[in-house]
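Enquirer: Position chain X against the provided structure of chain C, taking the given hints into account.
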Amino acid sequence: MTTITLHPVRRPWRAWLLAGLLAIGLAGGAVAQGSCTIPQPGDHAAIADFDLKLARLKLRDCLGDRANDPAALVQGFNALTNEPTLLGQTERLLQAMDLLIADAERHEATNVLKPRWTPMLEDLRAVRAELAGTLDVKTGAGWLSAMEKAIGPKWRQVSSGQPIVLVGQSVDLLANAGCANDQPPCEAFFSQMDIVRTANLMDRLRGYSQSPLLAQQYDESQLALKRWDAYRTQGQHQYIWEVFINGQVMDGDQSLCPRDAGTGMKMGFCKVPESQWIVAHPEAGLRWSDGAEQRSDLQAALVIQLIGRYQWKWDGSTMANRRGYSLAATYSQSDTNKRWAFGPMIHYDDMSLALTKAPGGHWGLVVNVALADRFFGRKQEVTDALRNVRKASFGELLFGR
Amino acid sequence: MSKHQVFLVHGMGDFELGWSEAVRGRIVGAFSTYPKLRDNGFADAFEFKEITYNPVFEGWRDQWRADAQAAAGALTATGLSSKAADTLIKGAASPAGSSFWQTHVLDVVGFRFLMPIAQTVYRSVQSQILGHLKSFPPDDVPPYSVIAHSLGTAVAYETFHAMLTNGADGQSAPLGTAFRPNNVFMVASTAKLLWNRGGSAYPAMMGPNLANGDGLSFYFANFRHALDPVPNVDRFDPPASWFAPTAPKDAVYADVVLPEGDLQQLNVHSFEHYLSHPMVHVPILRKLVGFDSVISDAELKAQLKVWRAAGLVDQTLAEAKAQLKAMLLARATEGWAKEIDMLLTLRELVLASKVKDGES
Chain C
1 MTTITLHPVR RPWRAWLLAG LLAIGLAGGA VAQGSCTIPQ PGDHAAIADF DLKLARLKLR
61 DCLGDRANDP AALVQGFNAL TNEPTLLGQT ERLLQAMDLL IADAERHEAT NVLKPRWTPM
121 LEDLRAVRAE LAGTLDVKTG AGWLSAMEKA IGPKWRQVSS GQPIVLVGQS VDLLANAGCA
181 NDQPPCEAFF SQMDIVRTAN LMDRLRGYSQ SPLLAQQYDE SQLALKRWDA YRTQGQHQYI
241 WEVFINGQVM DGDQSLCPRD AGTGMKMGFC KVPESQWIVA HPEAGLRWSD GAEQRSDLQA
301 ALVIQLIGRY QWKWDGSTMA NRRGYSLAAT YSQSDTNKRW AFGPMIHYDD MSLALTKAPG
361 GHWGLVVNVA LADRFFGRKQ EVTDALRNVR KASFGELLFG R
Chain X
1 MSKHQVFLVH GMGDFELGWS EAVRGRIVGA FSTYPKLRDN GFADAFEFKE ITYNPVFEGW
61 RDQWRADAQA AAGALTATGL SSKAADTLIK GAASPAGSSF WQTHVLDVVG FRFLMPIAQT
121 VYRSVQSQIL GHLKSFPPDD VPPYSVIAHS LGTAVAYETF HAMLTNGADG QSAPLGTAFR
181 PNNVFMVAST AKLLWNRGGS AYPAMMGPNL ANGDGLSFYF ANFRHALDPV PNVDRFDPPA
241 SWFAPTAPKD AVYADVVLPE GDLQQLNVHS FEHYLSHPMV HVPILRKLVG FDSVISDAEL
301 KAQLKVWRAA GLVDQTLAEA KAQLKAMLLA RATEGWAKEI DMLLTLRELV LASKVKDGES
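First to last, the protein sequences are chains C and X.
Take the first sequence: its position 150, counting from 1, is numbered 150 in this note's numbering, and each next residue is one higher.
Take the second sequence: its position 263, counting from 1, is numbered 263 in this note's numbering, and each next residue is one higher.
No lab work stands behind these hints, which were simulated from the structure alone.
What you are looking at is a predicted structure, and each value in this text was computed from that prediction instead of being measured.
Just so you know, not all the hints are guaranteed correct.
Partial list, computed: chain X residues near chain C (C-beta under 7 Å) [claimed, not checked]:
hint : residue
1    : M1
2    : N40
3    : G41
4    : D44
5    : Q126
6    : S127
7    : K134
8    : S135
9    : P142
10   : A162
11   : N166
12   : A173
13   : A211
14   : P259
15   : G261
16   : S360
No residue lacks a Cβ here, since even glycine has one placed at the ideal position from N, Cα and C.
Just chain C, with the same shape it has in the complex (with noise of 0.2 Å):
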């Protein structure tokens, strides 16, 4: 992105009003982007429908847009919000507004559409005055609500098609100007012209005046996805009961998920929760055998989770300290009476143990495959090391020959 450096001129916005003004005197003729062919002072062509034109206009693509409208006035606007602002930053705005007035009046002393932009100007200025009341708004919150109040979403009504309220009046700003249909532009038309342009630049401001908190909403969503991802594939999985069961456990809990005091109304998003129960959950594991060298070594033992409960707390998007534990009964071809084992399991992050017992039974170890491979992996990290040692006495290692 460009930078672009605010001058320690109190009102720059003038010189980029007379250089536009200029250079579009100059320039004479329609200004055409794609459809979006804007009529300049001094373009003879006819239009046949003047409310039609105005209609294809007045879309946001067209007056007022950044790339699209070369117009002096957007050119100065572009040049003070080209930098994104952040919360409690008014400085960029309240210049844009005052670019804004300065353009207002000087349409309003022409008289031409005289009804429309007194009350326009007299809106302009009570929008500044109620943008430089907000230096102090410090927090999220407190801001979008003065911005809310400063500019609100009736600047969007014009492209949209709608009249708009002006400083108390409904005004209707798209409203036939009087030019003559099959005709060139009317003075009126390029004034109506204008205030659209006026209009349109206010909506990218109030866009403008937000976009900290568009950004911020945003991460929180990046954030809040993860973590649901996290839950899914970093927590004991769920089978669809489980889910289940934990959203009821969830939507019952109002630190997790608010609710209206009223209407008992959802309010917001339910944030990730840092727990989970274990119900009735069969899974894979192995049976702990001493002889083992490696995991294939391993018998193959049905294990159900018949309840338990899971905790972990979320660092960024990351499920950290997961830790549990839950009473098992598990079921493996070793086991000599063939019969349900049950017995406690606990769980450290990824891997989980289950000690249990027949009835008559011995104990019996099972695991699930993240220890196993840690086990074994480990195992063999040890042995690779050892082997990787030279030294083949103890005294060599010792004395280092």
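Expert: Just chain X now, kept in the frame of chain C:
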């Protein structure tokens, strides 16, 4: 440049990236149908952006499938013969199967009853909308409208409700009015049927009252076919209290019902079938452009005649109407079991249809 963005939100079914091509083709085709729109380049002022939330459901389904397969493998490897264990593992696998219920109708049930899934869908849609708006220069964020279909109407409506009521905990803020839609067009709405945010499905802040600094949008339109069983189960029908006194209903809301006899195919629920109909796309185009006169009533009637000339007639029409009427449930919901049966039957129609609405 800042073209008016139109977000397209799919409904129930298997939708992947790129699904909206056919749907947007219908809308762009409609621009070309009407002379004033076509000859003055109005279509140039709009860009379409698809919203895809199906991957949320797919992620869960894939995980259930993999986990259940591993458990089933352990069951086999241990030689265990246990009806209880077998039932449990089959139950674990059931949402991940390939039947109609599992692949499509389950999405509706999942969104309605499984809170973690619904919340993930909300955040996915929020992220796609805000991320797209944020991709524009901060001083030139474009206006936008939403056209949603079927399950997508509930997804969009509830996501916007979450965005507009955000910040109750003091840690965030609601969606600013600068980033709310100009127009919301709901096609075959399930927003009332699936409403799961408590209280009334018609909170005032979701009404078309944006002109007065409140509300979701400037304009809200609801389209349904008289014989479409999905939106007819529990119709979206906002009360007077949903509308602000300063934004009279006639000016900001439309409820369009396509007549029984207007059928070009049995899959009356199809997104494309709706968009092809002049009583749907003409109001949408008029509001997008912000100039009702851009399509005259005479032009609308002429296109309606053309559309109906290509419709089902005589015996074929009578049979289609009878089949669809049999699927209509009583206006008040009869309970989820009946509604799921209806959705299953509808899915058979969809899968037999030539018009796929972009489904994979």
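Enquirer: Against which earlier hints does the structure fall short, listed by number upward?
Expert: Numbers 8, 14, 15 and 16, in rising order.
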